[in-house]
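K.L.:
Residue strings, one per chain:
There are 2 protein chains.
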Amino acid sequence: MTNDITMELAPLFNPRSVAVIGASNNWSKWGFSTFTSVLNGFKGKVYPVNKSEEIVVGRRAYKTILDVPDDEPVDLAIFVIPAPAIPKVMEDCVKKGVKAGVIISAGFAETGKEGRKLQDEVLRIAQRGNLRFIGPNCMGYYSASSNLRAFMFPIPILSGPIGFVTQGGNVGGAVVGAATNRNIGFHRYISCGCTADIQIEEYIECFGDDPEIKIILAYIEGLNDGERFVEKVSKVTKKKPVIALKPGRTTAAAEAILSHSGAIAGSSDIWDSAFKKAGVIRAESPDELLDIAVGFLTQPLPGGKNVAIMTPGGSYGVLCADACASLGLNVVKLSDETIATFDKIFPPRWSHGNPVDPAGDRNFTAYLKAPEMLLKLDEVDSLIFMGFDGFSSFPSLVSSMNHKFSRMFKKMLTPLIGIEKVKKKDSSSDGASQTSRINKFIHSLLFIFFSVFGTSKKEEVEDFARQLTSLITSEFVDPSILYTFSQLVNVADLNDIDDQMVERLLDSFQPLLEALIIKWMHEHKKPIITTNFTEEPTSLKGGTFYSFSSGKKAALVLSKLVEYSEYLKRG
Amino acid sequence: MTNDITMELAPLFNPRSVAVIGASNNWSKWGFSTFTSVLNGFKGKVYPVNKSEEIVVGRRAYKTILDVPDDEPVDLAIFVIPAPAIPKVMEDCVKKGVKAGVIISAGFAETGKEGRKLQDEVLRIAQRGNLRFIGPNCMGYYSASSNLRAFMFPIPILSGPIGFVTQGGNVGGAVVGAATNRNIGFHRYISCGCTADIQIEEYIECFGDDPEIKIILAYIEGLNDGERFVEKVSKVTKKKPVIALKPGRTTAAAEAILSHSGAIAGSSDIWDSAFKKAGVIRAESPDELLDIAVGFLTQPLPGGKNVAIMTPGGSYGVLCADACASLGLNVVKLSDETIATFDKIFPPRWSHGNPVDPAGDRNFTAYLKAPEMLLKLDEVDSLIFMGFDGFSSFPSLVSSMNHKFSRMFKKMLTPLIGIEKVKKKDSSSDGASQTSRINKFIHSLLFIFFSVFGTSKKEEVEDFARQLTSLITSEFVDPSILYTFSQLVNVADLNDIDDQMVERLLDSFQPLLEALIIKWMHEHKKPIITTNFTEEPTSLKGGTFYSFSSGKKAALVLSKLVEYSEYLKRG
Numbered sequence: 003m004t005n006d007i008t009m010e011l012a013p014l015f016n017p018r019s020v021a022v023i024g025a026s027n028n029w030s031k032w033g034f035s036t037f038t039s040v041l042n043g044f045k046g047k048v049y050p051v052n053k054s055e056e057i058v059v060g061r062r063a064y065k066t067i068l069d070v071p072d073d074e075p076v077d078l079a080i081f082v083i084p085a086p087a088i089p090k091v092m093e094d095c096v097k098k099g100v101k102a103g104v105i106i107s108a109g110f111a112e113t114g115k116e117g118r119k120l121q122d123e124v125l126r127i128a129q130r131g132n133l134r135f136i137g138p139n140c141m142g143y144y145s146a147s148s149n150l151r152a153f154m155f156p157i158p159i160l161s162g163p164i165g166f167v168t169q170g171g172n173v174g175g176a177v178v179g180a181a182t183n184r185n186i187g188f189h190r191y192i193s194c195g196c197t198a199d200i201q202i203e204e205y206i207e208c209f210g211d212d213p214e215i216k217i218i219l220a221y222i223e224g225l226n227d228g229e230r231f232v233e234k235v236s237k238v239t240k241k242k243p244v245i246a247l248k249p250g251r252t253t254a255a256a257e258a259i260l261s262h263s264g265a266i267a268g269s270s271d272i273w274d275s276a277f278k279k280a281g282v283i284r285a286e287s288p289d290e291l292l293d294i295a296v297g298f299l300t301q302p303l304p305g306g307k308n309v310a311i312m313t314p315g316g317s318y319g320v321l322c323a324d325a326c327a328s329l330g331l332n333v334v335k336l337s338d339e340t341i342a343t344f345d346k347i348f349p350p351r352w353s354h355g356n357p358v359d360p361a362g363d364r365n366f367t368a369y370l371k372a373p374e375m376l377l378k379l380d381e382v383d384s385l386i387f388m389g390f391d392g393f394s395s396f397p398s399l400v401s402s403m404n405h406k407f408s409r410m411f412k413k414m415l416t417p418l419i420g421i422e423k424v425k426k427k428d429s430s431s432d433g434a435s436q437t438s439r440i441n442k443f444i445h446s447l448l449f450i451f452f453s454v455f456g457t458s459k460k461e462e463v464e465d466f467a468r469q470l471t472s473l474i475t476s477e478f479v480d481p482s483i484l485y486t487f488s489q490l491v492n493v494a495d496l497n498d499i500d501d502q503m504v505e506r507l508l509d510s511f512q513p514l515l516e517a518l519i520i521k522w523m524h525e526h527k528k529p530i531i532t533t534n535f536t537e538e539p540t541s542l543k544g545g546t547f548y549s550f551s552s553g554k555k556a557a558l559v560l561s562k563l564v565e566y567s568e569y570l571k572r573g
Numbered sequence: 003m004t005n006d007i008t009m010e011l012a013p014l015f016n017p018r019s020v021a022v023i024g025a026s027n028n029w030s031k032w033g034f035s036t037f038t039s040v041l042n043g044f045k046g047k048v049y050p051v052n053k054s055e056e057i058v059v060g061r062r063a064y065k066t067i068l069d070v071p072d073d074e075p076v077d078l079a080i081f082v083i084p085a086p087a088i089p090k091v092m093e094d095c096v097k098k099g100v101k102a103g104v105i106i107s108a109g110f111a112e113t114g115k116e117g118r119k120l121q122d123e124v125l126r127i128a129q130r131g132n133l134r135f136i137g138p139n140c141m142g143y144y145s146a147s148s149n150l151r152a153f154m155f156p157i158p159i160l161s162g163p164i165g166f167v168t169q170g171g172n173v174g175g176a177v178v179g180a181a182t183n184r185n186i187g188f189h190r191y192i193s194c195g196c197t198a199d200i201q202i203e204e205y206i207e208c209f210g211d212d213p214e215i216k217i218i219l220a221y222i223e224g225l226n227d228g229e230r231f232v233e234k235v236s237k238v239t240k241k242k243p244v245i246a247l248k249p250g251r252t253t254a255a256a257e258a259i260l261s262h263s264g265a266i267a268g269s270s271d272i273w274d275s276a277f278k279k280a281g282v283i284r285a286e287s288p289d290e291l292l293d294i295a296v297g298f299l300t301q302p303l304p305g306g307k308n309v310a311i312m313t314p315g316g317s318y319g320v321l322c323a324d325a326c327a328s329l330g331l332n333v334v335k336l337s338d339e340t341i342a343t344f345d346k347i348f349p350p351r352w353s354h355g356n357p358v359d360p361a362g363d364r365n366f367t368a369y370l371k372a373p374e375m376l377l378k379l380d381e382v383d384s385l386i387f388m389g390f391d392g393f394s395s396f397p398s399l400v401s402s403m404n405h406k407f408s409r410m411f412k413k414m415l416t417p418l419i420g421i422e423k424v425k426k427k428d429s430s431s432d433g434a435s436q437t438s439r440i441n442k443f444i445h446s447l448l449f450i451f452f453s454v455f456g457t458s459k460k461e462e463v464e465d466f467a468r469q470l471t472s473l474i475t476s477e478f479v480d481p482s483i484l485y486t487f488s489q490l491v492n493v494a495d496l497n498d499i500d501d502q503m504v505e506r507l508l509d510s511f512q513p514l515l516e517a518l519i520i521k522w523m524h525e526h527k528k529p530i531i532t533t534n535f536t537e538e539p540t541s542l543k544g545g546t547f548y549s550f551s552s553g554k555k556a557a558l559v560l561s562k563l564v565e566y567s568e569y570l571k572r573g
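Just so you know, the protein sequences line up as chains P and A, in that order.
If you count the first sequence from 1, position 217 lands on 219 in this note's numbering, and the numbers rise without skipping.
If you count the second sequence from 1, position 386 lands on 388 in this note's numbering, and the numbers rise without skipping.
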């Protein structure tokens, strides 16, 4: 069932035509950068409105919106003119039949009594004309469905499954920038400013209806009607997760909020209980907001709070266990029976508990066997798999070794020279021969990989090769990987193998191992949160794989998945 | 006064020669990677010791260390052999006159009773021979003064002013990796493992003596003698800051610690009070450890806890003020007098308080005037200057604009075409003419910059140009910047100006503005902590400039500077 609000906001998100009121040729004005931002992508008609210029950035300009010919309707107006001029222009927009607006201009409620009066006046005019608007005092918005970037200056943004409303343009911009950097996209992004007309809960309600939106994010400084928020948002959170960043735990912040968005911050405890009631998940910083979003995008919901931790090093495990327990997760105790099964694959010095730490064992196949053993246990609801996304760090290790080592390493690639070229999935060849060729190829690669990075028994390597071979023709792997492999080894002699190729060869294992994780996740229907060795945020791959930069972040994300899962269970 | 410990550990940090016991040709052994790690950089003699091989990685190997000729002394032994073999080999080392060691091998106290017995035996033998050693169960160590990388596998590490001891090799490796990524280096880095012989407080004592070390970092799971730690470390913290990460707030972590390093975690409250007594600053995560270190490396100590915040956007300011107040800093209230002075440079919509937010004003010279106005106030002890390090994000904005805009932007560069080439500081030219040429050049650049990114009055731009001109010939700027500028504009016509040049031109302002910050910091002797728009960690520049990725991090770092400053004042 679609709510009224979705119908009402349709002209905002899918306008046929747009007027930029205050569009300018003057580079130093927001009216210039807003206009060029809209031009960059929107396919409908765009009208510059400017009192004094005839042409704006090469387009015919209109003195007022009423000068746009009657047979050319304007669905949306973007206001980038001084606040005092807006009531009159809003009247014109209503006359013209404009259905939606965004007021970027500042100088309203956030400046005090006079500003609030002006804001109320603008609101009355718009309401009389059934014109719904974003703002004032905002940075604009993005709608993927119409490729509209109605921003006060162009910011890079990707299309994707997130709906995001923010009361702070800068915080919003920082989150969008970080998301772009992580290859995460938005279906709607709204800098809502002073929320004179459309309220935060209305955006969220509308996002709740939209099948393109999977996750909803919000940065909230204050609300006009807390009860209405709880009532509307609690319906949305039954369908999809809503994650909110709400500053204002301190008086200093409350004062800053008042002067920024003109909102009353309210006590943080009240917010906590309102969020709890509405099923909203609270984040404490912009990067937490994004981390939690990625968690929900890539993971199934856990059945409970029992977590197992796999770590390549003791201290990683210590920090992660500490973070998990602090956040109310249960670092599950392993049974004697389980410990006995790990005794069979790990050396005697392994940690004999959870976190599972093989303590520097170099048997890589055992390290990749252990996660499945844990996932199969009924008492384990989720797995944090640490230090996993680190294969891309091996090349730098290789190149940091001395020259002699580097040469020896290349020599190890000799068995791959002249290997039969494996082509991209070829319908003309029969399945059996293809599988055998792939198996041979993977086997050669694994042989090299394990000689350098781990000792494994021959039958274990073969078993692992079979696993990867079956994976490579499964739904979890992009078949183009075969082509990449064959390209890599299509060399005539040793001298053709350079550092770059060694790097690419090692890197090429990463997607295969990622696919393995995704496969486990699908089979066991439990979250598997991976972490890497670096503090830099990584990229979301294929919309399904993401690796966090620390056990602490993994623990946080998992705790929020548990929180939401428990909320849904309570019904 | 140098402590005994510094004399005792001299052979560890500056050995003339090194034996790697267990050095191997077998790629899958730690003995191989450890040996190649040592070979990579260390200039003294390196002896591989291997029971069965004659040659290891091209070097003559010895069956035991006693087979090394008598007239060739060995200062340091690195052990990469199974634990049970170590007592006998340690005996040999003592006989040979080895003075220091590092036992990388695991299988000691961390594995239980038997392991502890073995560890005690090794310790007795070493002590009888006055051989001091790191470990066991560690990842090795780095000494910049002898360029020695005694690691179990090569990790990239830079030379620099930090002394770091870690009880967790993986956490240590992650911190070192992140530091390298941020261009931060170490004078000593020690993975200390089970600390059978040399204790954490001894490393810290030794770091305290070393004039090359400015900041001391530690990751601690447990201590053998807490009182001794407090006694020794409290002497060091009078001289330089010691920052420690200590996990184990939860039972889950305490259990993980026991199985990892064999240490007793102890209650977190006891740690808090011990750290407080010793003047140790506590960090809560690896990235906090590094953030705080960078803070101490680049900032003077604040006189008190009154902070002013400059922000380019309201919500940034809200989050930062919230973080500051939560951490006990005082977001200082501005006097009416101060507010009146800001009224003169900002539009009426500015925040009228702290955080100081010009609310989207595009007058860039005003934005750069405000920090000095705040720094001059007696009631302000420090400044958080937000969204400063963001000029490198402008190029991506430019290129994301449509083609038409891009062409117009290039046209604006026309005044710079054919401008007189400014050479690197040239002693033959007289000072006055040089200054005039620089001024002309800077002025042209500023004209372009402000036309695009802000409106400023002509006299303000000229005033600002004079400031930058005087800066450019000061100690705060690398004079090569002039050469960069002249290269950038040494083009014959408009077609030579491509996107890359526009990017470099905008980027070239960044070092000038950084120098301005450093100059203010020197003049006012107050911390100025800058933040940028991205969540990626940035690089330490010239050892003096660093920009944090959020107001939250800036607040944390500042709170620790205040904590240390107050500790020193208490005396």
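These aren't lab readings, by the way, just hints derived from the structure by calculation.
Just to be clear, a hint being listed does not mean it is correct.
Put simply, identical chains are the same to the list, so a pair is met inside one copy or across any two.
As the list claims (entries may be wrong) - Here are the simulated SDA-like pairs of lysine to any residue, each with C-alpha atoms no more than 20 Å apart in a straight line:
1. Lys-31 to Asp-363
2. Lys-241 to Glu-464
3. Lys-335 to Arg-251
4. Lys-240 to Glu-568
5. Lys-240 to Ile-7
6. Lys-335 to Ile-266
7. Lys-234 to Ser-30
8. Lys-216 to Thr-536
9. Lys-335 to Thr-252
10. Lys-234 to Glu-207
11. Lys-527 to Pro-350
12. Lys-527 to Leu-515
13. Lys-53 to Pro-86
14. Lys-460 to Asp-69
15. Lys-371 to Glu-461
16. Lys-31 to Glu-462
17. Lys-53 to Ser-270
18. Lys-31 to Arg-364
19. Lys-237 to Asn-42
20. Lys-115 to Pro-350
21. Lys-115 to Ile-341
K.L.:
Could you run down the list of hints and mark each one as holding or not?
P.N.:
Right, here's what the structure says about each hint:
Only between protomers do Lys-31 and Asp-363 lie at most 20 Å apart by alpha-carbon distance; the minimum there is 10 Å, versus 62 Å within a single protomer. For the identical chains of this complex, Lys-241 and Glu-464 are neighbours neither inside a copy (45 Å) nor across copies (58 Å), given an alpha-carbon limit of 20 Å. Taking the shortest Cα distances, Lys-335 and Arg-251 sit within 20 Å of each other only across copies (18 Å), while inside one copy they are farther apart (36 Å). Proximity of Lys-240 to Glu-568 under the C-alpha cut-off of 20 Å is restricted to the intra-copy arrangement: shortest distance 12 Å within a copy versus 50 Å between copies.
In this assembly of identical chains, Lys-240 and Ile-7 lie within 20 Å of each other by CA distance solely inside one copy; the values are 18 Å within and 63 Å between copies. Taking CA atoms no more than 20 Å apart as the test, Lys-335 paired with Ile-266 passes between copies only; the shortest distance there is 19 Å, against 46 Å inside one copy. Taking identical chains as interchangeable, the C-alpha atoms of Lys-234 and Ser-30 are never at most 20 Å apart, the minima being 41 Å within one chain and 60 Å between chains. For a Cα distance limit of 20 Å, the shortest separation of Lys-216 from Thr-536 qualifies neither inside one copy, at 28 Å, nor across copies, at 25 Å.
Only between protomers do Lys-335 and Thr-252 lie at most 20 Å apart by alpha-carbon distance; the minimum there is 14 Å, versus 39 Å within a single protomer. Taking CA atoms no more than 20 Å apart as the test, Lys-234 paired with Glu-207 passes inside one copy only; the shortest distance there is 7 Å, against 60 Å between copies. Proximity of Lys-527 to Pro-350 under the C-alpha cut-off of 20 Å is found in neither arrangement, the shortest distances being 31 Å within a copy and 57 Å between copies. For a Cα distance limit of 20 Å, the shortest separation of Lys-527 from Leu-515 inside one copy, 18 Å, qualifies, whereas the shortest one across copies, 52 Å, does not.
When the C-alpha separation of Lys-53 and Pro-86 is checked against a cutoff of 20 Å, the pair qualifies only within one copy, where the shortest distance is 15 Å, while the shortest distance between copies is 88 Å. Within a single copy, Lys-460 and Asp-69 get their C-alpha atoms no closer than 80 Å, and across copies no closer than 36 Å, so neither meets the 20 Å cut-off. Taking the closest pair of Cα atoms, Lys-371 and Glu-461 come within 20 Å of each other only inside a single copy of the chain (14 Å); across copies the shortest separation is 71 Å, beyond that limit. In this assembly of identical chains, the alpha carbons of Lys-31 and Glu-462 lie at most 20 Å apart only when taken from different copies (18 Å versus 66 Å within one copy).
When the C-alpha separation of Lys-53 and Ser-270 is checked against a cutoff of 20 Å, the pair qualifies neither within a copy, at 46 Å, nor between copies, at 67 Å. In this assembly of identical chains, the alpha carbons of Lys-31 and Arg-364 lie at most 20 Å apart only when taken from different copies (8 Å versus 61 Å within one copy). With identical chains, the CA atoms of Lys-237 and Asn-42 are never at most 20 Å apart, being 36 Å at best within one copy and 62 Å at best between copies. Within a single copy, Lys-115 and Pro-350 get their C-alpha atoms only as close as 73 Å, which misses the 20 Å cut-off; across copies the closest is 14 Å, which meets it.
When the C-alpha separation of Lys-115 and Ile-341 is checked against a cutoff of 20 Å, the pair qualifies only between copies, where the shortest distance is 19 Å, while the shortest distance within a copy is 68 Å.
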